[in-house]
Each structure stands twice: as C-alpha cells, then as structure tokens.
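For reference, the chains in residue letters:
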Amino acid sequence: MSVAPPTSAFETLRKDIARLEAGGRAPGGVLPFGVPDIDARLPAGGLQLGALHEVAGGGNGALHGTASALFVAGVAARTRGPVLWCVTRADLFAPALEQAGLESNRVVYVEAEDEAAVLTAFEEGLRHGGLGAVVGEVARLSMTASRRLQLAAEGSGTLGLAIRRWRRQAEAADFGQPTAAVTRWRVTALPSTPLPSKPLPVAGVGRARWFVELIRCRAGACADFELEACDETGRLALPADLADRSSSTPAWDRRAVA
Amino acid sequence: MRRVVSLYLPTWPTDRLRRRLGTDAPSPETPLVLVGRIGRKRVVVAADAASQARRIRPGMAATQARALIPDLTVHDHDPQGDADGLEQLALWALRRYAPIVAADPPDGLVIDATGATHRYGGDEGLLDDLVETCRAVGLTARAAMADTWGSAHALARLLARPALVAPDRGARLITDLPTSALRLTPDIVAGLSRMGIDTVGEIEAKPRAPLALRFGPELTRRLDQAFGRTAEPIDPVEAPELIQAREVFAEPIGAPETLARYTLKLAHTLCAALETRGLGALKLDLRFHRVDANIEVIRIGTARPIRDVRRLTRLLCDRLETVDPGLGVEIMVLTAPVVEPLDWKPAAGDLATPAAADVSDLIDILSNRLGGRRLYRLAPAQSDVPERSSIRLAPTALPVPERWPKRWPRPVRLLPSPERIETVALLPDQPPVSFSWRGVRRRVRRADGPERIFGEWWRRDGERDAVRDYFQLEDEAGERFWVFRRGDGEQPVTGDLTWYLHGLFG
Numbered sequence: 001m002s003v004a005p006p007t008s009a010f011e012t013l014r015k016d017i018a019r020l021e022a023g024g025r026a027p028g029g030v031l032p033f034g035v036p037d038i039d040a041r042l043p044a045g046g047l048q049l050g051a052l053h054e055v056a057g058g059g060n061g062a063l064h065g066t067a068s069a070l071f072v073a074g075v076a077a078r079t080r081g082p083v084l085w086c087v088t089r090a091d092l093f094a095p096a097l098e099q100a101g102l103e104s105n106r107v108v109y110v111e112a113e114d115e116a117a118v119l120t121a122f123e124e125g126l127r128h129g130g131l132g133a134v135v136g137e138v139a140r141l142s143m144t145a146s147r148r149l150q151l152a153a154e155g156s157g158t159l160g161l162a163i164r165r166w167r168r169q170a171e172a173a174d175f176g177q178p179t180a181a182v183t184r185w186r187v188t189a190l191p192s193t194p195l196p197s198k199p200l201p202v203a204g205v206g207r208a209r210w211f212v213e214l215i216r217c218r219a220g221a222c223a224d225f226e227l228e229a230c231d232e233t234g235r236l237a238l239p240a241d242l243a244d245r246s247s248s249t250p251a252w253d254r255r256a257v258a
Numbered sequence: 001m002r003r004v005v006s007l008y009l010p011t012w013p014t015d016r017l018r019r020r021l022g023t024d025a026p027s028p029e030t031p032l033v034l035v036g037r038i039g040r041k042r043v044v045v046a047a048d049a050a051s052q053a054r055r056i057r058p059g060m061a062a063t064q065a066r067a068l069i070p071d072l073t074v075h076d077h078d079p080q081g082d083a084d085g086l087e088q089l090a091l092w093a094l095r096r097y098a099p100i101v102a103a104d105p106p107d108g109l110v111i112d113a114t115g116a117t118h119r120y121g122g123d124e125g126l127l128d129d130l131v132e133t134c135r136a137v138g139l140t141a142r143a144a145m146a147d148t149w150g151s152a153h154a155l156a157r158l159l160a161r162p163a164l165v166a167p168d169r170g171a172r173l174i175t176d177l178p179t180s181a182l183r184l185t186p187d188i189v190a191g192l193s194r195m196g197i198d199t200v201g202e203i204e205a206k207p208r209a210p211l212a213l214r215f216g217p218e219l220t221r222r223l224d225q226a227f228g229r230t231a232e233p234i235d236p237v238e239a240p241e242l243i244q245a246r247e248v249f250a251e252p253i254g255a256p257e258t259l260a261r262y263t264l265k266l267a268h269t270l271c272a273a274l275e276t277r278g279l280g281a282l283k284l285d286l287r288f289h290r291v292d293a294n295i296e297v298i299r300i301g302t303a304r305p306i307r308d309v310r311r312l313t314r315l316l317c318d319r320l321e322t323v324d325p326g327l328g329v330e331i332m333v334l335t336a337p338v339v340e341p342l343d344w345k346p347a348a349g350d351l352a353t354p355a356a357a358d359v360s361d362l363i364d365i366l367s368n369r370l371g372g373r374r375l376y377r378l379a380p381a382q383s384d385v386p387e388r389s390s391i392r393l394a395p396t397a398l399p400v401p402e403r404w405p406k407r408w409p410r411p412v413r414l415l416p417s418p419e420r421i422e423t424v425a426l427l428p429d430q431p432p433v434s435f436s437w438r439g440v441r442r443r444v445r446r447a448d449g450p451e452r453i454f455g456e457w458w459r460r461d462g463e464r465d466a467v468r469d470y471f472q473l474e475d476e477a478g479e480r481f482w483v484f485r486r487g488d489g490e491q492p493v494t495g496d497l498t499w500y501l502h503g504l505f506g
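Sequence order for the protein chains is C and S.
1 is the number of the first residue of the first sequence in the working numbering; add one for each residue after it.
1 is the number of the first residue of the second sequence in the working numbering; add one for each residue after it.
If we strip away everything but chain C, and leave its shape as in the complex, we get (with noise of 0.2 Å):
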C-alpha cells in the first residue's frame, strides 16, 4: 500500500496545504485497491479520490446492480468519513453492505424520487467535502451531469462513486456514451471459488468470483482481472486458485459445511 487515507490531523493539515499549493484544484489521494495487479494498471498507483468513477454490472448484474453495488460498498468501506448512498429505488439490503465492510453507522441514504434528485444530491455531496465518498444509483448519465460531478469531486477531493443501473435491458446503450469519470469499470459475477470436496450431495457456495473489466481508465490502459468479491474489509484479493496460496478463510469452509 503506497499512500494510506490521512490517518490524523496533522496529515489532514498536510493536505489542506497541498491544496492551497495546488491553487483551488484538490490534488487528491489515491485509494489503493492492495492488489498489486490493479494498481500497477492504474496511472496512480489506485482508485484517484477528488474524481468520479462509475461501475457497471454485467448481464443481469447491470439490471440489478448487485456485484457492482457490492464493489463499490468494498471501496467506500476503505475511505475515511460518512458515505452518501443517493437510490430510486430502495431495495439494498444493509447486512450484505456491512458484510462488504461498509459499516452501516457511516452510511446516509437518500431515496429520491428521480434520478435527476439523484444526481442533485450527488453533487451536493461532493461539493461538501466532508464525506468519505458519494455513491450514487443511475441508469443515465449524461456527458454534461458527469462533468458537473467530476468537477465538484476535484474541487473537494472527495471520491465520487456512480453506479449505473438499469430497470430495462434497452437502457444498457447509453453507457456506451462517453462520460467524463476518470475510469469506468464492469463487474461481472462468476461461479464461485470451488471449495474443497465435502461429503454433500451439492457443492457448496464459495466466496463469490468477479470477472472486473477497466474499460476506461484516463491516462491508462484498459484491464480486466479475475478477482475474488470484498472480504469483510472491503479488499478484494486474488482467487486462491491463481495465487499461490489459499485465501479461502476458514470461516467459509465452516459456513459451507452448516
């Protein structure tokens, strides 16, 4: 891990006057993801704070956003500070967020009634700067609303979290229209990691498999990554099966067996 999030007041000052040096703009942070393979594909060395950045699922995880919202829960779980979570539509489950590490005490939740208060509260957030990250649920987002977002990210260094989702497959194509986040990313689920043979008539259900794509990183390349989902820290790892080790924890070995 190359930079950490500012772990006192004195790293807090030691911002605050980058900041000034850098003549309004917040020169950011970095949030490394502690996957050596990510961030060494990232321009600086993590996921850039003060920026916005959007996920997307894929195949019906874009319709339900669900291991696209759990890979955001993961990132904001590792910032510091209250996170805004901005919905339409209510239906995210806390126990898996806080499963994911995202402690339920730092999230505030704003259920709008469209995505334009949606991307109203967003921005708000962003512009506020006290917030540890701004995670917000759209199927649309235009070039003009991103733009708004990333600027009002830069200009308090907070990290700005837009997870596209969609209530009809057909609204699928507007993410192929360019947005201004700094990277964009897709998250797809696959079949668990296998887990070691047990006496069951099914195999149990391992720790959950992402196919992670970087489709647009700004100032680097694109990437994909087989990777296993959030732990209860909000890291992901590498399948056990393509590291040289094994990190399956015992707890899931015990839960598979119950």
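Hints may contain errors.
[Stated by the list, open to error] Computed cross-link-like contacts, EDC-like style, restricted to lysine to aspartate or glutamate with a CA-CA straight-line distance of at most 20 Å:
no.	chain 1	residue 1	chain 2	residue 2
1	S	Lys283	S	Asp318
2	S	Lys406	C	Glu103
3	C	Lys15	S	Asp358
4	S	Lys283	S	Asp224
5	S	Lys283	S	Asp308
6	S	Lys406	C	Asp39
7	S	Lys265	S	Asp318
8	S	Lys265	S	Glu296
9	S	Lys406	C	Glu232
10	S	Lys283	S	Glu241
11	S	Lys206	S	Glu241
12	S	Lys406	S	Glu387
[Stated by the list, open to error] Here are the simulated distance ranges between beta carbons:
no.	chain 1	residue 1	chain 2	residue 2	range
13	S	Ser383	C	Lys15	40 to 48 Å
14	S	Ala394	C	Glu232	40 to 48 Å
15	S	Gln382	C	Arg89	21 to 29 Å
16	C	Thr233	S	Ser383	22 to 30 Å
17	S	Arg135	C	Thr233	29 to 37 Å
18	S	Trp458	C	Ala219	57 to 65 Å
19	C	Ala90	S	Pro399	16 to 24 Å
20	S	Pro399	C	Asp37	16 to 24 Å
21	C	Ala219	S	Pro405	51 to 59 Å
22	S	Gln491	C	Ala90	34 to 42 Å
23	S	Arg452	C	Ala90	49 to 57 Å
Simulated from the structure, these hints should not be mistaken for lab results.
Quick reminder that beta carbons are idealized off the backbone N, C-alpha and C, glycines included.
Please build the complex by placing chain S on the supplied structure of chain C, with the hints as guidance.
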C-alpha cells in the same frame, strides 16, 4: 392550488376546562355545562358531549338545564380564556404543521397546509395526525381540507367525519350544505330562510344584485370566499415569545437578487436575537407578504439547532425559487417557531485525533430540498426475518453499537416482496436443482443452506408456526440468489412448501 385545513373543536370550552382541571376534572360521563350571562339571564354557553346527549343545548336557560339534569356540573364560562387558549393552540399547530396558522374563533383553527403535507405522508396523513393528536390530549376535533378557507370551514363543521376534499371539488360539495355553512350572521341566515333559500347552491343560483341590496355585501363576500373567487388571506398567529425579524419595504420588491439580499439581512438580525438568548433555530419560516394580500412562505427545518448566518441564508435561498412574488412583496418576516438552547462545544483538545466530519449542514440542505423522510440511516432491529431486520434512523442520530450477525451471507439487494418461483427440488431438505424466475430457467450448480428462520408469533397470529428455510443458490453463470421455502418439510402447519426468491447476491 392552496390546501387549507379547518380544525373544528365542537366542545372546545368544556374540553379546555377539563384539561385545565386535570385530575380534579369531572369524569367524561358527568354532564358538564358552562354558563354565562346574556343581559340578566344566565344561559348555557357550552355543553359537553355527555350533557348534549341528555338534550341540553347551548342557548338554553341555566335553570332549565338544571331542571333536566339534577346532578349537572356547572362552571362559569371564561370567553377570554377560551380565546387565549385558542391562540396557544394555534402556536402549537404553527410549530408542528405549517408556517401559516391562525385561530378561527370561537371554536377552531385554520391552517394553510399548502406544501406542508409531505411530512405526514400526504393530505390525509396530516388530517389524521391533527385529529389524532387533538384526541390524545382530550379535545374533540373534526377537520377538513379544501381549496379555500370558506369551504374547509363549512365541511369541517357540517360533515360528520374528517373530510379530505380533492383539489377543485370543494365547490361542488358545499352547494348542498345549508346556508349557515357560509359563516353568515344569524339574521342573514334567518332572512334567507324567510325567502325560501336553504342551501348554498340556491343562493348561488339567484341573481346577485337583489341579494346584495337586501343583505349587504357580507353575503356575496362570504359566498365568493367559499368558492375561491376572492382571496381570503390568513393572518398568521403572532406571539411575543416568537423570535422574529421583520423588514417592511417602502416600495414593493420582487427581483430574486433583492429577495436574497434581504433574506441575508433578516438572517443576520434573527441570529443576533437568537444569540442574546442563547438559542438555536430548529425551524425557520420566511414569510413574504405580497401587495395583493397573499402570503408566500418558505419553511425550513434543521437537524440540530443552528444560528449560523451563512448556513441559514444558504438554506433559505435554496428555496427562494419556489416563491412567487406576484406584483411585489411589501413585508418580509423571518421567524423561528421552534428553538432550542444552543451551547458551544469545546473544540477537540487533542490535535492528533482528527475530529469527525460534520455533515449536518449537508443533511439540512438535502432534507429541505428533497423532504425530510428521504434521508435516513439503517440500523439493526430485533428480528431475524430479513424484511424486518433493519430500522430507519434519522441521519444525524448517534451511532448505534449493534451489528447484524456476520455469520450468514446476506444478499445485497432484497426484493421488496418475495417473488414466487417454480422449482425442481429432490427432497424436502435439499436445495432446488433448478428454478425459473421471471421467465428464465436456471440450473443450480452450487447451493448452501438451509438457514431456518421462524415466524414471529408475537407480531402476527399467522406466523405462529411459520418456518422459512433460506438457501443460497448459484447458477451456471455464477449469479447467486437467495431463495426460501415455506415450511420445514415435516409438518404441514409450518408452510405449504412453496418456493420464493427474496434477494440477489453480488
């Protein structure tokens, strides 16, 4: 469209007396009347429900009432006290419901609820809340909501139950009401009756000039007010204890920048007034008295008491665009109806521990713009049933120490209600081999479970024996689902073994 609520308290003088006497008050079954003097006669001025049930009517001679009920409790009527009490009630309604409230003597309140109902889940919610709260403190109350003060007033008094009138239907409903619904003096009502006019609709059908000639301008004025043809501004309740700042303009103003400039000026004055008393505002009303006698109003609420000029101005100016200055604004009044003591918190003495970020200003901005109930935090509730396992907290509530159990995986999206699925399952204890949901058939490759969740008999009788067995299923593509089967597979009483999909994992 204006939404005016009229609250009618049919037995206000006796209810007020009972409340004032507290534990010494006679029981509700004891007939109680209040007696006042008209000339040299002592007459019943107010009678409670129990005495009205025994044929005592206001206006009856006191001696006659005593003759009808020997054990009658009699108190003196206190008209000034009733009027003052109504003013106090209006102030309470001002704090609780809407920025424009006035006493409607002798026995009611009028509330301009335009744009204030969303906090109570709509028009009906506000009416229910109003009537229920009055009932809880011992006031008999009826309420109606309509487009005009006149029609709401008539409907609250002459319709039996709390009435909610859809916009622009008020006029049709009041045409069938008797002429006394129009807030006319008794001799006008009697005069109309002598002419054979008994309902509002009949007055409406007559030519107006002869009526005006005979009864004066009062009759047509009340008629026009009830039908919304002339404006009837509500003069909001004022009280010396309300902290307020006021700005009167020599020339009417209307430009948005001018309004914003004076908003800032008023916020300065108000904050200074709050500071001398050591208070912070929880609610603020900014009223714009227009030259055409209408009043436009902005109400904002804050999560914590504040008296920060910049923050208050920001919150108010955010809503300025909703104000229609019409031909101009003559007076601007900024009041703080709800205040709380505000004391300074010492700054953190330790530089090394960073202070928690304060986002209450952001929460104020968003909840004033979107509506207060749209912002919330979620916290664990005492229940294993998934749809009941979280409760909503206010966004500024203190952190809660409780955690959801981490042992079992939970889906990131929970369907609003479980959806029925068709399954192929081998044995009662086994997860399904395949299932179809929303028309797509999926083969189950991996599964986990069951996690048994029992019904909560203390909430509903139907859940006494209910059992749900939850499974986590993974299909060939790697998508993971949370399904459950009703029943434990042994005893039919626990459920009918149908399968439902309840959530989606990521």
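Against the structure, the hints:
1. S:Lys283 / S:Asp318: Within the cut-off at roughly 15 Å; holds.
2. S:Lys406 / C:Glu103: holds (12 Å)
3. C:Lys15 / S:Asp358: holds (18 Å)
4. S:Lys283 / S:Asp224: Roughly 35 Å separates the two Cα atoms, so the pair is violated.
5. S:Lys283 / S:Asp308: OK: lysine 283 of chain S and aspartate 308 of chain S at ~13 Å, within 20 Å.
6. S:Lys406 / C:Asp39: Distance of about 29 Å is beyond 20 Å: violated.
7. S:Lys265 / S:Asp318: Within the cut-off at roughly 16 Å; holds.
8. S:Lys265 / S:Glu296: holds (18 Å)
9. S:Lys406 / C:Glu232: holds (9 Å)
10. S:Lys283 / S:Glu241: holds (15 Å)
11. S:Lys206 / S:Glu241: violated (48 Å)
12. S:Lys406 / S:Glu387: Judged against 20 Å, a Cα distance of about 17 Å means the pair holds.
13. S:Ser383 / C:Lys15: 40 to 48 Å: Since serine 383 of chain S and lysine 15 of chain C have Cβ atoms about 43 Å apart, the given range 40 to 48 Å holds.
14. S:Ala394 / C:Glu232: 40 to 48 Å: violated (27 Å)
15. S:Gln382 / C:Arg89: 21 to 29 Å: Between glutamine 382 of chain S and arginine 89 of chain C, where Cβ atoms are some 26 Å apart, the hint holds.
16. C:Thr233 / S:Ser383: 22 to 30 Å: holds (27 Å)
17. S:Arg135 / C:Thr233: 29 to 37 Å: violated (52 Å)
18. S:Trp458 / C:Ala219: 57 to 65 Å: For alanine 219 of chain C against tryptophan 458 of chain S, whose Cβ atoms are near 59 Å apart, the range 57 to 65 Å holds.
19. C:Ala90 / S:Pro399: 16 to 24 Å: For alanine 90 of chain C and proline 399 of chain S the Cβ distance comes to about 21 Å; the hint holds.
20. S:Pro399 / C:Asp37: 16 to 24 Å: violated (36 Å)
21. C:Ala219 / S:Pro405: 51 to 59 Å: violated (44 Å)
22. S:Gln491 / C:Ala90: 34 to 42 Å: holds (35 Å)
23. S:Arg452 / C:Ala90: 49 to 57 Å: violated (27 Å)
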